Amino acid sequence: MSSTQLAAASNAAVYASMVTLTFAMVSFAISFASGRRRVAVVAPAPVEINSSGSTAVLTKSAVLTTSAGGAPPDDQTGRRSANIGMSLTWLGFVLLLAGVVLRGVWAGRVPWGNMYEFSITAALGILGVFLLISLRRDVRWLGLFIVIPALLTLGLAVTVLYTEAAQLVPALKSYWLIIHVSAAIICSGAFTLAAATAGLALVQSRAERRGKSGLARVPSAEKLRTLTYRILAFAFPLWTFAVVAGAIWAENAWGRYWGWDPKETWAFITWVIYAAYLHARSTVGWRGDRASWVAIAGWAAFIINYFGVNIFINSLHSYSGV
Amino acid sequence: MSKQAPTLPPMGALGFLRFTWRQLTSMKTALILLFLLAIASVPGSIFPQRGNNPLRVNEWIADSQTFGPVFDAFGFFDVYSSPWFAAVYLLLFISLIGCVLPRTKVHWRAMFAPPPPAPRNLLRLPESMSFEVSAPADEVLARGRKYLSGRRWRLLVAENSVAAEKGYLRETGNLLFHFSLILILVAIALGGLFGWKGNVIVRTGQGFSNTLTQYDAWGGGRFTGASRLSPFAFTLDKFNVEFDRSEAQRGSPKLFEADVTYRGSPGAAAENARIEVNIPLEIDGAKVFLVGHGYAPHFVVRDAGGEITFDDTVVFLPQDGNFTSTGVVKIPDSDPRLGFQGIFVPTAASNNLRGPISTFPGPDDPAVFMSAWRGDLGLDNGAPQSVYRLDTAAMEQIGIVALRQGQTWTLPDGSGSIAFTGFERWASFQIAYDPGKEVALLGAVLAISGLLLSLFIRRRRVWITATTNSEGVTVVHLAGLARIESADLPGELELIRGAVSDLPDTASATSTNETREQK
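Just so you know, the protein sequences line up as chains A and B, in that order.
The opening residue of the first sequence carries number 1 in the UniProt record's numbering; numbering runs sequentially from there.
The opening residue of the second sequence carries number 1 in the UniProt record's numbering; numbering runs sequentially from there.
Don't read these hints as lab results, they were simulated from the structure.
Treat each hint with caution, since some may be false.
In silico DSS-like links for lysine-lysine, alpha-carbon gap of 25 Å or less [claimed, not checked]:
| id | chain 1 | residue 1 | chain 2 | residue 2 |
| --- | --- | --- | --- | --- |
| 1 | B | 238 | B | 254 |
| 2 | A | 173 | B | 166 |
| 3 | B | 28 | B | 105 |
| 4 | A | 173 | B | 105 |
| 5 | A | 212 | A | 223 |
| 6 | B | 105 | B | 146 |
All of these numbers come straight from a predicted model, not from anything done at the bench.
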């Protein structure tokens with residue numbers, strides 16, 4: 001393939017992925033909405049039935065109703081559209097992977113030379129971490145909240161951040177680029193996922209406090225909090241590694257391993273907030289909603305670091321081209 | 001009836017200290033200090049910092065007459081060396097030490113203590129099971145011991161029970177992580193006290209030797225003296241630079257590298273090396289980094305009598321990505337004294353509407369725009385002056401002209417001439433010595449290892465009891481307890497159950513089931 005063909009193929013794959021993910025989003029939204037209606041119509045008592053089998057408040061009578069009368073039409077619709085959403089998310093992931101790989105082939109290097117490339121890879125990371133978890137447990141309820149940030153990231157990438165592929169500036173020519181950036185990108189996926197589960201935990205816990213059943217198909221607040229912890233327990237050491245790898249690279253490139261450059265500062269702030277999250281999980285009075293808020297704050301710091309520092313603040317990392 | 005105030009025991013000075021210490025080392029305080037640390041770090045990313053960009057700090061203060069000095073007084077331009085920032089992290093570290101030391105003591109004891117004996121009723125535990133085995137109780141317990149000790153569980157064996165615990169490395173990892181953070185802090189302090197860092201601009205063909213006077217900027221720790229600098233020297237032989245000419249990224253750098261000849265000490269043999277952006281040169285523990293580059297146009301200045309008063313290259317500092325560069329030439333020895341302000345453009349713009357500006361960073365069409373001045377250069381009062389700035393307060397402008405390479409400008413007032421004969425390149429180097437960096441790396445590696453242990457190892461206990469009932473059948477109770485909620489515990493109990501059960505029977509039963517399913 002010629003260079004222009006590669007470029008066109010990469011862009012086409014990214015756009016195709018966005019279209020697919022839009023349909024995935026619609027499917028997840030239908031599933032989400034149908035679940036809501038079902039709770040309102042069929043279950044007058046604060047009972048939540050979850051198609052996936054994970055139930056917040058499960059009473060025997062509720063199970064009997066479902067098994068005796070078969071799944072109500074709405075629930076079937078919900079389950080089916082959630083499954084369609086999952087399939088479309090897989091397809092979107094594969095298309096986006098093709099887009100990222102083609103971009104790398106076109107540029108003749110790892111596709112992490114500018115913000116457009118970071119962003120499409122970050123969206124890939126968000127979807128990838130989600131799909132990885134989906135292999136081990138049923139997280140179809142999370143689909144809507146994963147596809148939306150992935151689509152937003154891609155939307156920003158193709159509209160605002162798009163740049164033609166070019167050579168890496170000398171400062172980025174180092175194998176540390178691969179180590180440091182790949183770790184950070186996986187973290188971006190995990191942090192986004194954890195922020196989504198933490199946000200849902202807040203919604204569920206609010207509903208539970210009021211004695212309501214909360215969002216249908218979505219697990220209980222406690223289960224969501226545990227999932228958030230699991231994701232962050234995986235992401236925190238990886239983030240530590242990403243920061244340390246960045247420090248080693250900085251020592252090699254700029255002559256100091258830490259210089260409080262705005263990018264480094266916000267990476268540190270993100271790290272400290274997630275460290276606070278882990279402490280909050282084992283502090284009385286903080287385990288619940290407060291810890292969820294801390295997880296969301298950590299994600300906010302990460303996002304500020306990614307968009308804010310690259311675009312608005314004059315930093316040594318500004319070469320990562322907008 | 002009046003309520004009597006509750007009488008509290010007097011606290012006393014020691015009691016107060018103990019109270020303060022407990023508060024400081026509590027998890028809640030640590031949590032709050034962590035949040036404070038995060039918040040305290042923010043201003044340093046918003047305000048320019050002296051350590052990174054002293055010029056912008058001065059501009060900021062000059063631009064904002066009212067707030068500039070106030071912010072400055074509160075250390076907003078030196079956030080990370082300000083007392084309030086230090087207060088937060090020092091308190092955090094005191095809290096950390098106060099938390100970690102007692103836990104180390106507890107953990108040390110636990111490492112040598114046997115696991116707690118089996119509770120009376122195992123089946124009350126959330127993860128438990130009961131089953132019958134035909135083998136005698138002793139045999140069952142022996143199988144359990146063998147299985148568990150083979151998998152490195154710690155055991156406490158009683159008459160008809162086995163207690164086992166595993167996952168001590170979780171707490172070991174947790175403590176290791178926190179101690180590693182202290183190690184990193186020590187490493188930073190080491191670097192701060194004994195390290196140094198300097199910047200120098202070297203023109204092609206020129207040399208540099210590692211003494212304080214040769215640096216353009218230098219900063220060292222409390223215990224770094226000029227005498228401690230190792231006596232190496234290097235010469236910049238050649239500076240290679242290439243810029244992208246493609247449409248998309250026109251002008252972005254593709255390569256820059258400096259070829260140098262260096263000596264570790266004055267008598268040592270000369271060696272050649274190439275310094276690139278990510279590849280510093282290490283000499284005697286110090287690292288030489290290539291951090292920037294630019295142009296140094298060459299001028300020849302003659303006085304009214306045609307006598308050469310200046311013949312050298314002059315470092316011009318780049319002002320934009322296309323290397324529109326500014327610099328000055330001062331001739332204090334001529335009569336009248338002369339000064340030139342110059343703008344060097346490697347590729348001159350075709351139209352001059354926007355003033356002298358470069359359109360490409362490479363030297364496709366180099367030109368200088370010179371403004372000549374005569375009068376008092378301000379050098380006599382002894383005040384230090386920047387070599388990049390001409391103080392024109394007591395000077396009078398003679399004229400302005402654009403010069404291409406090889407052109408000479410005869411000054412209109414007859415006081416001499418200036419010729420632009422060519423240009424060299426210069427490279428700027430940062431030379432740094434940080435004795436703490438290896439320690440910091442060790443701390444970071446240990447911290448990550450500790451973190452992985454503390455987040456992924458599960459501490460859990462398992463108990464097995466075996467008793468023979470009235471019918472002569474062995475009844476086994478098996479229970480487990482995980483300190484943190486763990487999804488794997490049921491599976492682990494299932495494995496232990498398999499190990500203590502009548503092995504041949506269960507094995508054959510499973511295999512027949514499987515064959516049946518396959519059919």
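Hints and how they fare:
1. B/238 with B/254: 17 Å, holds
2. A/173 with B/166: With Cα atoms ~46 Å apart, residue 173 of chain A and residue 166 of chain B exceed 25 Å; violated.
3. B/28 with B/105: 21 Å, holds
4. A/173 with B/105: Outside the cut-off at roughly 48 Å; violated.
5. A/212 with A/223: 17 Å, holds
6. B/105 with B/146: Roughly 31 Å separates the two Cα atoms, so the pair is violated.
Checked against the numbered hints above, the structure violates hints 2, 4 and 6; every other hint is satisfied.
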